[in-house]
Amino acid sequence: MNAAIAPLQNGDTVLLPERIGELTGLSEFGIAGELIAAFLGAFIVANLMLAMTGVAGPWAKRKITAAFTDRIAVNHIGPGGILIIVADAVRLLSKENIIPENADRPAYDLAPIVIAGSALLGFAVIPMGSGIHLADPEVGLAFVFAVAGIASIGLVMAGYASGNKYSMLGGLRAVAQNIAYEIPLVVTGMSVVLFAGSLRMSEIVAVQNETTLFTIPGLEWAVPAWFALVNPFAFVLFLIANFAEVGRNPFDMPEAPAELIAGYQTEYSSVYFVLVYLGEFLHIFLGGAIIATIFLGGPAGPGPAELGIVWFLLKIWAVFLLTQWLRSAVPRVRIDQLIEIGWKGLLVLSFANLALTAAIVGLIA
Amino acid sequence: MWVRFERPNVTEMNDWIAIGALAFVGLLIPLGMMAVSYLLRPSVPETSKRATYESGEIPTGGTRIRFNIQYYMVALLFVIFDIETVLLFPWAVVYLDAIESDAVTLLEILGPMVAFVVILLVGLAWAWRNGAVQWAQTPRQVDTDHNRP
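Residue numbers (our numbering), protein chains in the order written: chain A, 1 to 365; chain B, 1001 to 1149.
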């Protein structure tokens, strides 16, 4: 193990609620203290991810798209237009909330909460480095897939309850797409479990960073066995399935603006629109967090262990940048092509990847 | 060859308390935003403001339509494969340990799972041949595709 790559952070073995409990002395108060510490930890994690989406949604997305299309984008408020985040938040929250007359009411109101809440919940098991790791259950990877899957319900609710034809079509497409790419996603994730021998997130990260794949001669750089390097085929499959799962180009059929206005979010305005939009961005970041954790060594990187969170955020922003790049550069596939790519292409390839990985792990071990 | 990682010294209970806390916070934040918006936003009811959006036209018809049967087929296929992935997870978790322990041969642990996956893939091939994993086409689309030069 070379010093250039930070070994697994000590902070990762102490979870965030425990650390908060120790720092504030809450752990003296038994179960009540534990609960309060857990809430404080959850609050920190939730707000960290909300801050990320706050930067990404109103500002970074516009700036990146503008750079790709040779424009300037937001630049009036604050340095580089960064205060547009505040302006947009105030603007959207103070808009009148128009409920369409055909809306199916509790479902119409619940859908934004389900979409935003399910995405936030997924971050509970992600080790973000620098000790920011809320929970580390034995079923970590299965949990994060399950929670990310809840969003589909929110999309159906939004599409069906709006009582709008565009929303309906968008919702139907979103579900068809999510169920077509969910299985390739999970099966490809499983090929990582074959290497790691555990579903526990901290263990998956540890296995990647404790092993040296090869050493670059002359430079003495030990390259850690990140699963993206160990099994690039699985990495590419997972990236593609993930883009379909979060509904980004080239798979952004559910809200294809040229065909469906805005898909399932056509009828949402004011705070409901903010929540649906927020949920989408949280899902992109959750996808990025899963990719960073199981393929890119989680929070590991050169430098001291305290920099873990910086490396982790860099990795999820790299995935976000990739989605924005594809958004500007790749044409959208048709809905029938999308279903065929999922069921006939990715599904078969992901099972081939699983069988091959199992055989290779079996022969090496 | 892999260095095993020491389990973090926490009980399972702590984990689920923390996850529950995040679920609560994940519910609280949207509700809080709704409350803030409720205090800020105006309410100016107007005639036909709440009409369903149909590109500015007067909306016609409803959305409570019948689905194509194919939608049901794909959903059924998904349930089957989803259960399969659930059954595959325990196998994937014990795979490395089982091989390293030398208690079983490679064929013994890999064989049954490959057979299981192959049976399901045969099912997929059947569904594929019957056109269940295609996006449904209207008769007019089929006609157009058929007569395309």
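Be aware that one or more of the hints could be misleading.
To be verified - Derived DSSO-like pairs: lysine-lysine, alpha-carbon spacing no greater than 30 Å straight-line:
#1 A:K344 to A:K165
#2 B:K1049 to A:K165
#3 A:K95 to A:K63
#4 A:K61 to A:K165
#5 A:K95 to A:K165
#6 A:K344 to B:K1049
Source of the hints: derived by calculation from the structure; they are not laboratory data.
Straight-line alpha-carbon gap K344 of chain A to K1049 of chain B, limit 30 Å: The hint is violated at about 45 Å.
Below or equal to 30 Å on CA atoms is what counts here, so check K95 of chain A against K63 of chain A. It holds: about 24 Å lies between the C-alpha atoms, which stays within 30 Å.
Has the given pair, K61 of chain A with K165 of chain A, been kept, meaning a C-alpha gap of at most 30 Å? holds, 28 Å
Next pair to validate is K1049 of chain B with K165 of chain A; report whether the Cα-Cα distance is within 30 Å. Status holds; Cα separation ~17 Å.
Within 30 Å, alpha carbon to alpha carbon, are K95 of chain A and K165 of chain A? Within the cut-off at roughly 24 Å; holds.
Is the Cα-Cα distance between K344 of chain A and K165 of chain A 30 Å or less? holds, 29 Å
In this structure, the one hint that does not hold is number 6.
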